[in-house]
Amino acid sequence: MAKKQAFSLIFAPAVKNHLKVIDSKWDSLIRTKIEQQLAYEPDVETKNRKQFRRQPAPFGADWEIRFGPDNRFRVLYKVAHETREVLVLAIGVKQGNRLLVGGEEMDL
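In this text, residue positions in the sequence shown follow the numbering used here: the first is 1, and each later residue adds one.
Don't read these hints as lab results, they were simulated from the structure. Every residue, glycine too, gets a C-beta built ideally from N, C-alpha and C.
Quick list of simulated restraints, FRET-style, between CB atoms: (1) N97 with Q5: 32 to 40 Å; (2) K25 with T83: 29 to 37 Å; (3) Y40 with G68: 18 to 26 Å; (4) E104 with L9: 19 to 27 Å; (5) Q95 with N17: 15 to 23 Å; (6) Q5 with P69: 27 to 35 Å; (7) Q95 with S24: 13 to 21 Å; (8) Q5 with G96: 34 to 42 Å; (9) L9 with G103: 17 to 25 Å; (10) G103 with Q5: 31 to 39 Å; (11) S8 with G60: 17 to 25 Å.
Just need the whole structure built from these sequences, with the hints factored in.
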């Protein structure tokens with residue numbers, strides 16, 4: 001059985017600023033979950049990984065993953081199959097009906 005080739009994770013420059021407004025105690029969880037969820041089969045829907053049905057989606061993303069306590073964290077991303085890359089476009093925190101990315105409210 002052949003081992004699946006991993007996707008490379010590429011972070012948009014703005015993601016660094018998005019992380020600055022999230023409490024640093026979550027850094028390890030966020031990094032680990034992104035690596036676990038997106039390195040292999042980033043475009044397979046699961047309970048916490050969904051493709052955006054409505055376009056345009058925020059940041060031009062095609063996909064979203066949810067994780068963390070109460071599924072509070074959201075990662076918005078695109079998949080490039082031809083280069084086997086996942087481009088992480090935004091990381092935010094869901095509070096009630098609001099998604100905060102870099103401290104600013106986004107529409108989902």
